[in-house]
Every structure is written in structure tokens, then in C-alpha cells.
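Respectively, the protein sequence lines represent chains D and R. Just so it is clear: in the first sequence, position 232 is 231 by numbering that gives the first Met the number 0, and no numbers are missing. Just so it is clear: in the second sequence, position 297 is 296 by numbering that gives the first Met the number 0, and no numbers are missing.
I should point out that these hints are in silico values taken from the structure, not numbers from a laboratory. Treat the numbers as computed from the prediction; the structure is a model and nothing was measured. Some hints here could point you the wrong way.
As the list claims (entries may be wrong) - Stretches of chain D that chain R covers, calculated by requiring three or more beta carbons in the stretch to come under 8 Å of a beta carbon on chain R:
{"#": "1", "region": "14-25"}
{"#": "2", "region": "110-116"}
{"#": "3", "region": "161-175"}
{"#": "4", "region": "288-298"}
{"#": "5", "region": "307-320"}
We put the beta carbon where it would ideally sit given N, CA and C, even for glycine.
Listed here are the chains, written in short residue letters.
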Amino acid sequence: MSAPEQDRTPLELSRRDFLKRAAGASAIALTGVGLAAALLDVNGPPASDPSGPATLAKGLGDYSLPELRGKPGRMAVVRGVVRTVGPTHPQAAQPDRKAMLERALAALGGLGAFIKPGDRVLLKVNAAFATSPLLGATTHPDLVAAVAELCLSAGAASVSLTDNPIHSPESCFAISGIGEAAAKSGARVILPNENLFAPVSVPPSGNIGGRLIRDWPALAGAFKGVTKLIALSPVKDHHRAGASMTLKNFYGLLGGRRNVFHQDINGIIAELALLVRPTLCVLDGVSVMLTNGPTGGSLSDLKAMHVMAVSTDPVAADSFGMELLGRAVSEAPYITLAETAGAGSADYKALNPQFLDLGA
Amino acid sequence: MAPRERTVSPAQRNASLAVLALVCASAAYLLARQPHLNPAVEVSLRAPAPKSGAIMATGAAASGTAGGLLPAADTLATPVASVTPVMSGVDGAKLATLASLLPDAVPGPGLNVKALAPPESFTPDTLSDKINGKAELYLAAGFAAMASRSYQTQASPPGRVEVYLYRMKSPDAAFAVFSGQRRSGAAQSPLAKNGYLTENALFLTSGLDYLEVIGDRAGQRPVLEALAKAVLAGLAPVRKPAAGASFALHSGVNSEASSAVNSGAKPAAQAAAKPAAQPVADLSPPELFPVAGLKPDSIRLAVADAFGCQGLTSVYTAEYDASFGGAAALLSCRKDAAEAKAQLELYRRHLTDNGFVAQPAHSPQSGQSGQAAPSGAVVLALEGIGVEVLFTRGQFLAGVHEAPDLATALRLAAALDSSLKAKGLDRWLDR
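Assemble the whole structure, with the sequences as input and the hints as a guide.
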């Protein structure tokens, strides 16, 4: 190799060339890092419709009446009567849920106090299982139809309902009778399609929140445009949680492999109380599942109690439900946890509920 | 002129290495960060298969035959196919075997039962997708797999029946989930020793399997039994045999004897159910509970965390009637005497940690009642909750749970101790 060729070896860089090349490489590297950092979405997309009601940070929203926020909730409890003469089994002869609901709502100022003309109402039902409504594991279709009809009569622009049973939602809505009730009453069933899920987080409140539901997929798409939320829940024993009522019903708003939360069932249900604040909660204690919940399976798991509670406070509703189950509030620790987090009152009597009896 | 010799100075080399290190660090950061862009994305990727039809047309999909209780078969078929777990290897084969036990149809006069959809299969990872919070009951007991299937009956009016076949890891586990959910006052099923019928459902165990046949209304007993028979017919060839003496010793589900007790059969029948001169290794806890005052169908098995005590496992309980104040007796067959004592100590600590206070085994109260505690017994009480008595006899942990008062607790403990001695267990102490 000749000397001039040796002169052109890469080692023979001038200081100026070296600095230029080093500066260029650094600029490229830094640009790449900067671009990646700029594209990194640490928080994830917003879960709630920005044009909708006030949101709980990135929760699913606060649909409670503004005038009631920070104040004691309202509650009415109705005992129904069976007027028909028929089969003696409690599941075959049940009181008129619509009449019970109307009576309770009337005591709270009528549905018009909660649903305004033009409201877009979402009903959160419990459609967790593909079982007959007679088995009491899901929201009763008569209640779904009654609430939907009353909302539409009050001027609601639309009524939709949803739940995420994970397994075979179509079957769950069909066999539970909820789908048919929706069809008859003019409500729309929103099945939990994957594209309706978005990551949400629950902000800390007290000792609750910010721990379990963090960037977790929730059924946010079902809330698009929604202005009012009504939870319709049966009263059930629950093997893991002690009881399944209003707050546990919100478990059906979560997606993903949510069964991991069963390891901290009280913690997750307490966070659900912060995930979304309903306008109204209807707790259906007409037929209460006292044992072998949440699935039940035998009619002997049920007890006819013919009671329905309507409350603006989901925590208070659940504390009343514990009475129907014949249990202390302490047997469902999530109720007290939810109260501690400011989601409601674990002492339903503090709401001065009105007790009504259709048989009186 | 000869070219000037140019070399890379140490400073230049170091600067180059620094730039390279920066580039490498940036690449490493990106590689490390990329898989963790957003936890929710990961979770979403692990979510169940997409569900068809975001918005169900009101009426069409919801409407079925017979007043909406019976959806069209095709409504069910699609999601079934989409969510049945995809398994491979041994697990997949097990699931396929289990699902194949659920028949396509059960013909018969007045029955004409036909499946509405293919069977569905569930693993420990997916069980909660089907039965939600109750999955924990099965998982804690020892769950292997589950298959379920929906059927339509042609009775008038048509009905719907669901069959759930749970394959558990042991007969113990099957008995645990069976007894843990037992509905009191139900009728004994003629199909199985551990079986009963309610108004709308049939529940039974067979070896490793726990079967539920659930109708959507009362009065379908012929259909429930026909379906159960069809499933049982398929179970027999695949049922795993009990694991010999160790099964009898540790599982305790001696179906003959325990069922005789559970079904409320007369003592004579129970005696007949037991072979004479049983070796101790063949004895199982359900056989050892004293019969007098025993509530029918009340024997239960807690496989894990009995009485809320973490680590206390395989504990049988038997409830007694008002003659014993509604108290329960407990028995647990352990590997050896040392383990029995260790379990006793574990539960004793659990009780004292929760406020129970030790009582003298020969307290004045026991003297007044004329009943002393069994030898070596630990007696603890908590006002408002009850009295607990714990003792060991050889490899058995025995005791009384939640007796209303000390006298009643000691009386039931003595009866249990006598029963153990009558079975010859006193000759096996500390072996």
C-alpha cells in the first residue's frame, strides 16, 4: 500500500472532522430519544367523554346530581305485596316491581327530580350469568323494563344498558331476559365490544384508590354521551366478597383479566365506588339470594323478601342490602372502605330513608 | 512533502466512546421501555376474544323462543366457539375429554332433551369467566377443569337446563365443593350417595367429579335425572380410582359410610355401610363423628383455611342439633401425630390471636357439669362467639367448634373422643 493511500485511512481524522461527526451522531441519538419520549403516552388516552359530565380524574365519571354532592344522599325503601293468586313458590309470585319503583321514586320527588328531558341514560345492570331470571343471579328483567320505560316517559333522549359478563355476553343478556326487556321498553343493549374499553385510573381518596385500578381497561365507550347513570342490582350472597349488590355490580365495568382482583376483593370494590358515581341506585330485594352466591343455581338459595330500595348513595344502598341478607355491614368490609373514601354513607339510616309499604 | 502523521488522541477516543455509550444507553432505554408502554395495553392484549356486535339490535338478538327464556341456538353458538379456551397438550386433552362427557341429546319418553350449543370448557385461569366470584370456592378446593352445556327440553312449556361438570383434583376436593354448597332440607338423590335434589336442580359427586344439573324452573326432575344419568354413564370409564389407603386416610370421603350419615340414614344403615374390623388406615373422618344428635346432611369438608385459619387444611365439620346447642364437631386426618399436633397449635394460635382466652380443661365449670375435657385438650372461649375444644388422637385432630357454653362443648368433645376410641383409635395414639 502506498503512502498516499495510508493518508486516507479512517484513523487520519482531523480534530474538526471528528468533532463534526461526534456532534452529528449525538444529535441523531438525542433526536431519537427525544422523539421516543415525545411519543410515549404515560397516562394513556382519556377514558371519559370530555364533553360529558364532570369526571373523577380519569374515572368513568360523576353522574350524581350536583346539588347532592357532598351532602347526605336520599333513600326510599318499599315493601311490595303479591296480589295475584297463583303458584305458591316465591319465585312464581312476585310483587309488581314497577309499582314498587314508582312508589319509591314518588317519595324522592319523582323520577323527574333525577332524569331531565334530553338526558341520555345508561343503566348498569347485572347480567353476569346466562341464567334464568327465576334464579335471581342477574338484574330482573321486569326492573329493567320499568326503569327504562319511566326514564323515557320522563323525557330521556335515550336509554341504554350495559354490563361486561366477560363470558358470552350475548347469551347472558338473552337468557337473563334483560335483552328482551330492553327491546320491549325501547332501551338499547350495549354489548361489551373490545373497542369500547379504554384504560382508566381511580385517583386516591383517603386510603382508597390509585392502587388497583391503574390504567386498567374499563367499559368507557358505553359512557359516551351519557348524562345519567342508574345502577340496577339484585341482592346476593357472594362467596368471595360476602355480598354482591350495587358496588359489586360496578365490577362489570372492568375489562381485562379482572379476576386477578379477587385477591383483594374488598380493595377493588371500594375503588369501584370511586370509579363511577351513579345518579340513582335501585337495589332489588324482591328475591334475595341468601346462599351460594353469586351464581346460586337452586331456587332454595333464594328468599322472597319483596323489598326494593332506591337511593342516590350506593354505599348506603349496600349497607341496607346487608340487612336484607341478615348480615352486619362489617361482613362486607368494602362498604366501610368505600365510606372512608368518601363514596357514601355506610349508615343508611343517616339518610333518613322513607319506608313505604304498598300493602298498607 | 510527506504527509503529517495523524492519530486519534486519547481524548478523541474517550469522546467517541462516550458518544457510543450514549447511543447504546438510548437504545437500551428504548428497548426496555417499549414493552411497557402502557399497562392497560398489555392487559387489553390479554383480554378475552373480541365479542361480536357492539350494539345488539333491540329485539332481534334478545328475542328467543318461549318468552325469551330460550335463545336461538345460533345465538349461543358463536360466542361459545369464540371463548372456549384454546389449550394444547395434556390440558387440552383433559378438557376435550371432560367436554365429551356432556351428551348431545337425551332421548326418552317425555324428555327429548337436546343440546343448544357445543360444550364449553374452562380451566383454572378461565373459570371465573363463567362463574365469577364462586370460582374461588373451586380453586381453593383443588379445581382441575370444568365443562358446561346448555340443553333445551321439549316439555310443555319448553325449559332450559344447564349442566356443569367440575373435574376436581381429588375426591376430597369434589366432596368439599359439594358439601360446601349443600342446600339444607333437600331430598336425597337416588343417583349417588353424595347427591341431592332441590326444586329445580340436582347436585352430586362421583369420584373426582362434581356435577350440577340446573333447571330454569321447578318441576323438571325427570329431565334433571336423565341428564345426570347420561353424564354418569360416561364418567365411569374415565373416573380415576381412589388412591388406595392413602385416599381413605387423607381424603376421608368414604362414600358409603359418609353418605349414610349425610343422608340421615338410620344408624343401622350406617353400620351396615362400614366393613367390620376396619384397620385405622381405612377410617375416614365422616365415619368417626358421633351419630347421636348429628344433623342430617351437615358434614362438610374445608380443604383450605378452615374457620378462616390460614394453613388449617382438610377439616371435616359436622353440625349437631339442639341437644348439643347447635355446636359443630371437627375432625382432620393428618399424615402423622406430629402433624396433627402442629395443626392444633396453628389453630390455637389463630384463636388466641383473635381474642379467644384459654380455659382450664378441668375448670370448676366442667366440674359442675360433670364433664371433664378429653385428656390433653385445649379449651378456649370468646364471649359472644363460643367455646372451642381441640385435642389430638394419634394422627387425628379433633375438637368442638362454636359451642354455646363450656358444658356443652365438653359434652360434645367427650362424645367425639368416645367415638374415636370406639373405632380403636386409642390404640394408635402417637404412633
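Now the hints, each set against the structure:
1. 14-25: holds (count 5)
2. 110-116: As far as the region 110-116 of chain D goes, the hint is violated, because 0 residues have Cβ atoms under 8 Å from chain R.
3. 161-175: holds (count 9)
4. 288-298: Holds, because 8 residues of the region 288-298 of chain D bring their Cβ atoms closer than 8 Å to Cβ atoms of chain R.
5. 307-320: Result for this restraint: violated, n = 0.
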